[in-house]
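Colleague: Protein chains in written order, with the working numbering: chain A, 1 to 423; chain B, 1 to 338; chain C, 1 to 350; chain D, 1 to 501.
What the hints contain is simulated information worked out from the structure, not anything from laboratory work.
One or more of the hints may lead you astray.
[Unchecked claim] Mimicking BS3-like on lysine-lysine, the simulated pairs with C-alpha atoms at most 27 Å apart in a straight line are:
id	chain 1	residue 1	chain 2	residue 2
1	D	K286	D	K328
2	C	K160	A	K244
3	C	K329	B	K140
4	D	K328	C	K204
5	D	K121	C	K269
6	C	K270	B	K140
7	C	K204	A	K289
8	A	K373	C	K160
9	C	K331	B	K140
10	B	K140	C	K160
11	D	K121	C	K270
12	B	K225	D	K328
Source: prediction; values computed, not measured.
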Amino acid sequence: MNKILKRMAAGILTGALCLTAFAGCGSTGSGSQGGSSADGETTGKKFVIGVAEAQANDEVTTRRAYFENFIAPTYNVEFIFSEVLKDDAAVKTFIENCIDSGADAIIDFKSNSSQMARLCEENGVVYTVQGIPDMAPDLMEGEFPLFSGWSGANNDHLADLFRNWLEENTSADGSEGFLVSTSLASQGNVQHIEVSRAILEGLQEKYGLTYEQPIEDLVYVSETTNVANDKGLLITLYPGSPNKDTWLPGISSLLQSGKYKMFLSSGQTYNQTATVVNEVEAAFGIDIKVASIAAFSTTLDTAFSTLDPNGNPSVDFVTVKPSSVLNASVFAATYNALNGVIDTACRDENGKPANFRFNMISISSPEELAKTKGWDDAEAGTWIAGKEFVDQMLVTTNPDVTAASINELMASVDVDSIAEMMG
Amino acid sequence: MTATSSANTSGKELHLNWKERVDVIRSNRWFLMAFPFAMLALIILIFGGATGGNFFRVSVLKGILSQAIIIGTCATGVSFIYSNGNLDISIGAVLGMGATLGVLAYNATNITPLLILVSVGVSLGLMAFNCTMSVVCHIKTITVAIVVTQIYSAITTLLIGGAGTIDIAYETSSMLEDGGFRYIAFFGYFILCLVVYHFTRIGRELRFLGGNETCAQQTGMSSGKATYVSFLMAGLGVGLAAVFSVIDVSAVSVETGSGLGMDVMLATVLGGMSIFGGSRSNAYAGLIGALTVAALNKGLLMVGVPSAFIQGIRGVIFLALVYMNSERRDLLPSRMQF
Amino acid sequence: MSKWQDFRRKHVLLMNTLFTVAVPLTVWLVMELLDYSTTGLHTMNSMVDWTTLMRNLVSSFCFALGLNCNMALGRMDTSTGSQMFLACILGGNLALSLNLGGVGVLVFSMLLGMVAGAFVGFLFINLRILPMVLGLGISLVYECISFSANNQQGLNLFGKPGVGILSNRLFIIGITVLIMLVMTYLFQYSPFGYKRRAIQGNQKLANDAGINIYVNALLCYTAAGALVAVAGVFDTAYKSNLVPVLGMNSNSTVFSNMFPMAVGLWLAKKSNPVIGILAGSLSVQFLVLGLAKFTNIGMSDYMQTCIKYSVWLVFMIYRMNEDKIQLIKDKRARVALAKATRAQRAAVAA
Amino acid sequence: MPEKGKVLVQVKDVCKNFGVTIALSHVDFVVKTGEIRGLIGENGSGKSTVSSIIAGMQPASSGEMAYKGKPWKPKDVLEAQAAGIGMIVQEAGTIANISVAENIFLGSYQKFRKGPIIDKKAMVTEARKALEKIGVTHINPALPARMYDMQERKLIEIAKCMYNNPELLIVDETTTALSQSGRDIIYRIMHEMADAGKAVMIISHDLNEMMEQCDTLTVLRDGVIIDNIDKADFDPDDIKQKMVGREIKGNYYRVDNDGYSDEVVLKADCITTMHSLLCFDLELHKQEILGIGGLSDCGMHTVGRALYGLEMVVDGEVRISDRNVVVKNAQVAFRNGMGYVSKNRDTESLELNASIYNNIASTGYDKNSTGPFINPFKERAYVDKQVRALMIKCQNAHQPVRALSGGNKQKVVFGKWCADDADILILDCPTRGVDIGVKAAMYQLIYDMKKQGKSIIMISEELPELMGMCDRLLIMRDGQISGEFFRKDGYDDRTLIEYMI
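All chains should be built: construct the whole structure from the sequences, respecting the hints.
Modeller: Dropping the structure here:
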């Protein structure tokens, strides 16, 4: 009897779990759909766009909020978000499944490959990528009428930001020692490659260095490497996955040599390394300056408001991606292509797929951070790329839109212009 | 038995309650065989209904098969390993390394068969190494798998270096793809596995060894030999899957195969195979499981379930199916793994 | 020789202690020699390393101990990693939102860990699915929940008020000692421990003797949940934040902590599982920290991973075959005896 | 003065079924104080089931029980123990990795609780007392149970049972695992209890033992009580008939005196194993049934294993003469026409979860192959033949073996080796735990094999069956052959036993 009861309990429990899970998804799903149809202002076909994600971090969360809560209802489109896609095969599977679900376009944040473009091409689906063209020469050269181009950070600008900051905050002789975490650049992570390159270029310009190896090769090194240069500066590249349990002890071990007073990270690692940096600073009585990539979040607020043993914020300089601008640009490219103006709005002057670049924002003090309060705040729904901004990028609201005009618009984004836009 | 019938049995003993009836049905050997198929069919039916028939489109069903091929191939191979009571979750790393060396060899020579030969060869070699560790050095296969997974994937990362991916010419992969290499190789392998598993001495021996190793040995079966055969059969499958994964995306990357070991285990169990082998094992469980997973993933996406929930739902469905398809023990199930 | 054996017999406790201490000490010595000769650095280069060592030690010690709760009974729970994520992310954030500081984070995570573990245990004793398979399903669900919780931000401890205590060496030592005492009591001296050992030997007999194996399993899972939660909190204190993972990636935490557990159980034969696992974790941490020093001469973390796991493999080869050496000796003696007997018989026959 | 003849336990109309199988059907009987009651019956007749129900190991499906005049429905063993019912079970009942003391107080640790911890010292002291109580002093209760052998561990179980001063002691097939000295201890305890006005229930297959020790015998067959017999009316043939349900002749062994050929088929030449055997010689002839007897630890089981290649032979060799191969391992032995039936049927001779079909087919993969593939038709014929010939009781051949009774399981084991058609068969305790009906069938089978020209080594702890079946009988002691006897000379059990001890 008791056994039967237990068995029933088990059954009911499993059922309940099942139901909760389904109920959970049911409500969210219908909620977003209901919202989109009610607020839709344009008539005609409702486009379905699949979004392939490589990670699950706050940037992705923000993007989902931006697309689901703002773009979808405003422009009458629907999004299908992927799970975390481990590799290209998973991206391919996701794209196939999207096509079966009736998707009209794919935005790919994971792979940057001609294979996916070909798959989309065969199924008449628009394909948009976050990344840089150099990584995918096939995509540049090949015939992909439905490929709407790349979006990403403007590396020259990013390098400028780093260079400017390095200019002001480093000694004239560069004697302090630079530790550069290239993170997953050696495994092809586009953002990490971009930033690592920007850092090396920044250092190169500041000190007029000549590296013995080309920067293209340096960013891909897969082991700790001292960058040989003509001025004999100590620049160490430290690659590796922050998820590995050997990564952090490695950073710690390097910092403990006391030779590095400048820690530059190409990934979003300022948070992970904070404890280690603090402890080394306290133990050796040195001040290590930390520069990193970041996203608007409470973590960032904390980092700037927490003081290290020397009384400085625990992070000294971050470049922040105005993520809604990136999202707006991939959306605009996709949407314009869907509306049949791919040849004008998504091609550069040579007729090649367009390369949309936005500018990163740099923050180097709590005061500057305070200015950005409320930017890209998913909960409040206050976006840098708001309706007015996005409207300028879409053919439906701005018939004269071209790739150049979009790039121009994005280039105009900086701290001041955003502050103005956000009121 | 005469005494039983002569004993005065009351009506209560003649008629079973519902629970016992369910047990009778569940213990029927056909039930166990049919259950995974029925569940796969049910899942397709449910999604078909929920998507208004879209799920029944040929392209969708073909897509499911195509997506299930990599996991299905690995799972079919791995069921040999599970059959005699071993576990191996390192196949993801093996696949990664096989694919990498295959691509490197191909890119160096431009000989297409070399891609296949090297991938398969490397996979066979690595699986043989795993097996040696367990047969000769007496380490439990799961421990070996955990350790070598890390070693293999670290080596693969070092081999690939650079940008984290190595491309191969699209022409080659599309030639293999269009030539139907994937389907031919997969079905060829699958049939080979079915035949070896169910109609040859070694296949039978594997299952028997998984059920009771001592008894099998006393009946003249060699555990070591069977273990090698099981690992090599799996190695062959993993090697083919490595080729599939290369031609799937025309490239190999450091992420190729990551987490595959667990996915394969999930699929195999879902297909109705006992993770600890023995008499209930079969060679097609892996494919059925892989199809179920693929159908589930596609279906949930098409129905519009938010991605954040898909995994959780998959977990719950997995547990429910395994619960329904497994024999309930009187005491708690356990097995020394370490 | 005989004197030495005599001495060994007389001072069993001393010999056991020496054995237990010798292994981590040897690892440290080897790493120290390698480090100093190649990089000029010590394995324990500064106070930072000591803090790191202690924090990682308590973390891996707790996790390995948590694994051992069930592993020893033939239950390999692949969901312990996801329990850790769930417990720390839900419990830690709850404590932070209540402004309870580091201790609060620890306590709340532990409580949530116990709930998470107990739920797995509850499902286990009711569904009776093989623990490894159950673990797979559970980790899918738990990962999903911990990912969705707290707006997908995971648990962030850096810069939070009052969490500094988690990096306080005295506090860490205190917690380690406390856990050792509690677990030694639970495993070795409590009725629960006695029953657990009986079940470990033969669950059917234990059940027939009136021991409630189901309650015991539930308690094992609960204890395991609490322990991995503690491990998670200290790990987070080191890494500043705990990022939720998906796709059964939480399993990797389980697998990597099997190394200290394996070494620990090997050492445990001369002491008890709790002390053994502590010594085992210490050995592994020395290895990891020692390897990290090679970063200075350009060894990549992949290489370090390779070496770490190769050491594990070699250790396992040794561990699984250590009795073979004795066997070969015995066999040789036996063959000699057989030869002698044979010769004797031949002599008699002649 | 203890009161005798009072009803201690009454079992009324008890039924027990496991799913569809009926284990007990409307069983009634009483156990009175001062008596030793034997339960006897074939395997699966319900002896162990009814006693385990009384001892609280499992509940009855229906019916009532009374103990000391009150309704009795124990929820677990502990309750039964506390109320004074103790049971020594058939299987190994000690846990190897915990101490002897913990084994003795398994499940009742609470009484040694001192605050939150368990007082180990007190437990060991009490355990020592418990062991002394049954006259055992050489076991150290602080050591782990794995340090002791089967017999000593059985004594630990007895001590555990007797510690609670039971009113009713149930001994379930314990004596088979014990040597004479161990049996003497248990017999002494039984009679002491009966004399003290308590009651004993004993279950055993050994009819002689039962007739010697018991006051009353209850015969069960297929879950039904057939008869209760008082000591005065004990008649072996009558009891056997009641157990089996048909007449069994006094002698079911072979009666002929056919000899065997001189041809040696298997030869052990001065073999030495890691333990037990040192320079051991043996020759097996064609068409011979060679018996090996002795005490259970005399090394005869090792001989069987060594001959089949299961035990490492470090020096010397086992050679199959006509094929001129050295048996290095079981694979070689199997491939060259040898077969082996282990004494541990469930753990070594059968794959319990597999079907009857798969178990029998396991010896015939090569024989049933066409080219490299197994021919399902051939295989089916191969299996069907045995299932029919041996009259294995089953629903169909695809039923898992674990659901069969002990006798039928043994038939499956025999079936797989009969099907294999091995020339040399090594049978280690082939009739252990098998009831009389199946035993008779086994003996017939062994005899048939001999007549077909096969050679058989029969290792057994039961002298009567060795004497009844063997052409030649070797008695072993301490790993050596201490005596060799021939059927043609006639056997004398007294002499045999002398050579054993």
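Colleague: If you check each hint against the structure, which ones fail?
Modeller: Per hint list: 4, 7, 10 violated.
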